[in-house]
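Enquirer: So the protein sequences, as listed, match chains A and B. Numbered according to my numbering, the first sequence terminates at residue 336, and the numbering increases by one at each position without gaps. Numbered according to my numbering, the second sequence terminates at residue 328, and the numbering increases by one at each position without gaps.
Hint data in this document are derived by calculation from the structure and do not stem from the laboratory. Remember, it's a predicted structure, so these values are computed and weren't measured experimentally. All C-beta atoms, glycine included, are put in the ideal place defined by N, C-alpha and C. Treat the hints with caution; some may be incorrect.
[To be verified] Just a sample of chain B residues kept apart from chain A, beta carbon distances all over 12 Å, derived: (1) Gly60; (2) Ser103; (3) Gly131; (4) Gly205; (5) Val207; (6) Ser242.
[As the list claims (entries may be wrong)] Derived list of chain B stretches under chain A, where covered just means 3 residues or more per stretch with a C-beta under 8 Å from a C-beta of chain A: (7) 47–58; (8) 114–127; (9) 133–146.
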Amino acid sequence: MIWLTWRQHRAEAIAATAVLLVLSAILVIVGLAMHATFDQNIASCFDGSAVDRDVCSTNLQAFQKTFGSATTALILLNAVPLAVGALLGAPLLAHELETGTLQLAWTQAVPRMRWLAVKVVSLMTLIVVLTGAFAALITWFRQPLDTLYGTYDAGAFDVEAIVPAAYALFAFTAGAAAGALLRRSISAITVSLLAYVAVRVTVESGLRPRYRAPLTLVENIAAGSHGIAIGTGNRSDWTLDEGFADAGGRHLASTDINTFDDAARDAGVSLTTYMHDHGIQRWVSYHPASRFWEFQFIEAGIFLTLAAVLLAVVVWRVKRRAL
Amino acid sequence: MTALDADSALRTDGLGKRFRQTWALRDCTLTIPVGRVAALVGPNGAGKTTLLRLLVGLLAPTRGSVEVLGQSPTTNTSQALSRVGFLAQEHPLYRRFTVADLLRFGQACNLRFDRDLAQRRLSALGIPLDRKAGALSGGQQAQVSLALAVAKRPDLLVLDEPLASLDPVARREFLQSLMGAVADDGVTVVFSSHVIGELERVCDHIVVLNHGRIVLSGDIEMLLAEHRMLLGPRTTNDLDRSPNVIEAIHADRHTTVLVRDGAAPAPGWQPQPVSLEELVLGYLRRPAHHGTGSTTRESGAEA
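Extracted from the complex, chain A is given alone in its bound form (with noise of 0.2 Å):
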């Protein structure tokens, strides 16, 4: 049976081996180089050794210009597991539908559910393996764009631990559910597709900022400062949002800050002097950079979760004979 799974889906599994290979040495050669400039002219400027802060900020500005589009590029590796999942789960069933050897299969001396246990386990074994050891590389590979950007960046987040097998497992299984249900590979690739982009974007844009209850940062502006600090001081840190709130503690509209303008304006203070006399506070909602792998844990549960689901659905479709 684990032949017979490797001989039905060993061209997929190349191909989408080559391909992650191909991307991989692509990673592993901008990497090293990028490891390399960061390490020589950034590194200091972190860990406080630096001894120029206007060297930093050029070689800061150089690191940026040649390896910021890294960071936009990972942002395409979303399609990573979206791809291995969808292309060996959608045609699992369907596609021995469509030519009908499942007819063939399920009436050799194999129970149809052992056939279904050797090829899930077979082709998941094969998807964790292919999407855990590309996310490692990732996120080897982005280790000086995390310590610039934080690991909450969508390029980061998303494509790095262990999230990205979970992603894969879940599109696997909604191929497969998809496959089971609609009997044709394309139109199960199609749904699987746009149920994966549909709960990619709700968990992400809905969910993981609740996953905890985020901290608050509440600050006393200093007088006379130049500038007002945004964030929390910590890069790494996941900003949610922020603002002003009065001495009682009340939020404050951005239409009360330009009144302030005007207000500092007239009594000849400047702005910031203005707002420290007047108790005026600045507030940060975010979560801390160290919540990182409870998030990750809660996310891959979610989508585990959800593809315990799908396979439930696909064994009740095997299991009663539907197809």
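Since the structure of chain A is provided, determine the placement of chain B on it from the hints.
Expert: Leaving out everything else, chain B in the frame of chain A:
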């Protein structure tokens, strides 16, 4: 009862299968004894494929029961599966597999797969083992499918329209292979077809299906002995009421009646033996609910 069970390769009792609102098969009660080569005939859409899929456990019944070699096919155990060989309609194969791959597949997925036998059969037919299944002709694909099913050394071989997509030469070769494969083993064979002409040579049992119901079933020899064609002067009297009258065909000057169970011919009626084709067509032309009455047809001048 147990003695009967031992002698029947398959039995169905009140078997019915519904797809959404439509009954593809209903009230199907059937016994096929061990060692028979049984043809399942009927027009397209009569429910042949549904019945065969129920026999091999690809479908589960909506009503009634199936017992194949003493077991329900829905138990889906290795033991039960290994005793039944199935050749699906259009003989589906993994098109990207070579013939050798398909034999390896058969060996990997069966308990008593005879790879040497299959290999010998295919090389005798000149089918190269290193050819991709998709590159074989329709006849060769059918032969590979048959070789796979036969190499399982099944006790029951079920074939769904094995001849449908084959040209006359390939049909002949296929039937020869089939008969050669099952001759010595006492294997029970059930195969469906909508052509009756070629069946008489190879079958000794027939099941006729129409509109999802069995309209005739039994050993061909016995059925032919039980039926007569009566030829007499044209009449439309009363013939249709007798349950023994299967079909009456009225021509200009005479009437031909297909009757069962030695209904004594009235004076002036000449009894004639009936051919298998006439028998099957007579039953297929009966109305769907055939509890009473027969078909009455006005036939053209040629009758």
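Enquirer: Next, verify each hint and record whether it holds.
Expert: To see whether the hints hold, each was checked on the structure:
Even its closest Cβ contact with chain A, about 21 Å, leaves glycine 60 of chain B beyond 12 Å, as expected for a residue assigned away from the interface. Distance check for serine 103 of chain B against chain A: the nearest CB is about 5 Å away, which does not clear 12 Å, and the non-interface claim fails. The beta carbon of glycine 131 of chain B sits about 7 Å from the closest Cβ of chain A, which is not more than 12 Å, so the claim that it is off the interface is violated. Every CB of chain A is more than 12 Å from the CB of glycine 205 of chain B (nearest about 22 Å), matching its label as outside the interface.
Separation of valine 207 of chain B from chain A is adequate, the least Cβ-Cβ distance of about 17 Å exceeding the 12 Å criterion. With a least beta-carbon separation of about 24 Å from chain A, serine 242 of chain B lies farther than 12 Å from that chain, consistent with its non-interface assignment. A stretch counts as covered by a chain when three or more of its residues have a beta carbon under 8 Å from one of that chain; for the region 47–58 of chain B and chain A the count is 0, and the coverage is violated. Judged by the Cβ-Cβ criterion of 8 Å, the region 114–127 of chain B is covered by chain A as claimed, because 9 of its residues qualify and three suffice.
Check on the region 133–146 of chain B: 4 of its residues sit with their Cβ under 8 Å from a Cβ of chain A, so the three-residue criterion for coverage holds.
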